[in-house]
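The hints should help you fit chain R onto chain H, whose structure is shown.
Keeping their order, the protein sequence lines are chains H and R.
Counting from 1, position 37 in the first sequence corresponds to residue 46 in my numbering; the numbering is continuous, with no gaps.
Counting from 1, position 77 in the second sequence corresponds to residue 89 in my numbering; the numbering is continuous, with no gaps.
If you're looking for bench data, these hints aren't it; they were derived computationally from the structure.
Worth double-checking, as some hints may not be accurate.
[Unchecked claim] Label-pair ranges, simulated between beta-carbon atoms:
| no. | chain 1 | residue 1 | chain 2 | residue 2 | range |
| --- | --- | --- | --- | --- | --- |
| 1 | R | G121 | H | R248 | 56 to 64 Å |
| 2 | R | H53 | H | G257 | 54 to 62 Å |
| 3 | H | R89 | R | A238 | 31 to 39 Å |
| 4 | H | R248 | R | T31 | 49 to 57 Å |
| 5 | R | V250 | H | Y22 | 36 to 44 Å |
| 6 | R | W55 | H | E137 | 27 to 35 Å |
By construction, the Cβ of each residue, glycine as well, lies at the ideal position given by its N, Cα and C atoms.
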Amino acid sequence: MKEDPTISLQHLYKSFNGKEVLRDLSIDVEKGESVVIVGGSGTGKSVTLKHIIGLMQPDGGHVYVDGQDLCCMKPVQLNRFRQRFGMAFQEGALFDSMSVFENIAFPLRRHTDMNEAEIRRRVQECLEQVHLHDVDDKRPSELSGGMRRRVGFARAISLQPAILLFDEPTTGLDPVISDVIADLILEMDTTLNTTTVTITHDMKVAFKIADRVAMLHQGQIIEEASPEVFQESQSPIVRQFIEGRADGPLTEIEPVVQAHIPSAEER
Amino acid sequence: MNRVFDRIGRVFLRLFEQTGLWFRMLWRTMMWAIRPPFEVHEWLRQMVRVGVDSIPVVFLTAMFTGMVLALQTYNGFQRVHAENFVGSVVALAMLRELSPVLVGLMVTGRVGSSMAAEIGTMRVTEQIDALKALATEPVHYLFVPRVIAGILMLPLLVILGDALGIGGGYLVGVKLMRANPVIYEQNTYQFLQMKDIWSGVIKASVFGLILTLTGCVRGYYTSGGAEGVGRATTNAVVSASLIILLSDFFLTKLLF
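So that you can see chain H by itself, here it is in the shape it has in the complex (with noise of 0.2 Å):
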């Protein structure tokens, strides 16, 4: 019999001022799976995975993790739930007032009864599964986008969640830099043997990270499969994507773009 998937999201509709993001998004992630949902800007990719970790409250539709309904959870109870999550944050989010040592002890402090000396053995133990040395008492400031990345995957695996979240973990690196992190990416989801979704639009990142590659547009998902199916996908939207080209069904929709330009003139 197939697992109860762990995390299901259940026909989602949100708008932000009257502007629809999901329109009846609904998507399954099996235990220990990764899935990468991938889509052009403003289709609502963060606006998903905030969901996912309860960072936003769906107007309609279901989040449940684990079997438990995120909707319906009190502040405190979520609160408390999220520490099955990991979640690495797009520039990292590092907190900037304290050493790049404290924001991976942030969460073990606050969540564990780890004494001084097993704090510190744990902080070296998530540095070294993200390959990075002596960076402990920098500021998030000193460090270049990809470390600042590695420090974020860091503090997001350092209380072992079942579930690792990364938005748009490659956007802004180079290429090779962006390669780096996706073996890293991949690294880490088979050691830890954790339930992983990321959002991305690099595609080379998707197709080397993936379980499953999900095609996110207009606030749906218009196509769902492996990778190697997902490349030879014959959805203009999807080959559209793929291959990167300006002209097909995705930048079509530009004219509705373009009617609300003279709007923000009118300010």
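Below, chain R without anything else, positioned relative to chain H:
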């Protein structure tokens, strides 16, 4: 005509919305304040920031206010031959009114603004989301230590301000205006009651709560990048100052 009403309606709606939000966040802060873990280290850090680091500003503000008050009242009272009461006026005015309000406003400019800017920057760089993702409620980790620091440290700053203001008045009265030091001192104490002191201290605590909470709330609801942070900072100072001045009247009415 409709547009005018529309505007007025909008202003009032926004006012009610913001007031509701402020009290909701106050409630949430109170609820989280009694929950472990208690980040004592963070509490102390904020107390240093609100209290100790504000001493130079309070020192100058209170001292010169006391001095100028003595100077002005001396000139005025001389006309009706009431110079002897300068000491009483300075002491009463400083304790009951000037020290709490001026310290409140100065600390708002110094600390309330920086709290709004700090938390606002954390919001626009996703650090607030990161806190939540690390199973840490931002109200618990950010609001509680700051608000507690405000409530505890403002009274201490005000007591310091009281002493400095009265001292400044004494300097001007005795050294500059050649008042009799013994009589000046006597008059300073003669008409004072304990409630003059504690009412100022209570006011200070309330102002401490107002300025820190307003700074935190404004920062927390920042949107729109660097410009948004700037707006949040300005809003924090303006609204906290206004709330302090308005509540000052009602507190005075209530406490006397």
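How the hints compare with the structure:
no. : hint                          : result
1   : R/G121 <-> H/R248: 56 to 64 Å : holds (58 Å)
2   : R/H53 <-> H/G257: 54 to 62 Å  : holds (56 Å)
3   : H/R89 <-> R/A238: 31 to 39 Å  : holds (34 Å)
4   : H/R248 <-> R/T31: 49 to 57 Å  : holds (54 Å)
5   : R/V250 <-> H/Y22: 36 to 44 Å  : holds (38 Å)
6   : R/W55 <-> H/E137: 27 to 35 Å  : holds (34 Å)
Comparing the model with each earlier hint shows no violations; every hint is respected.
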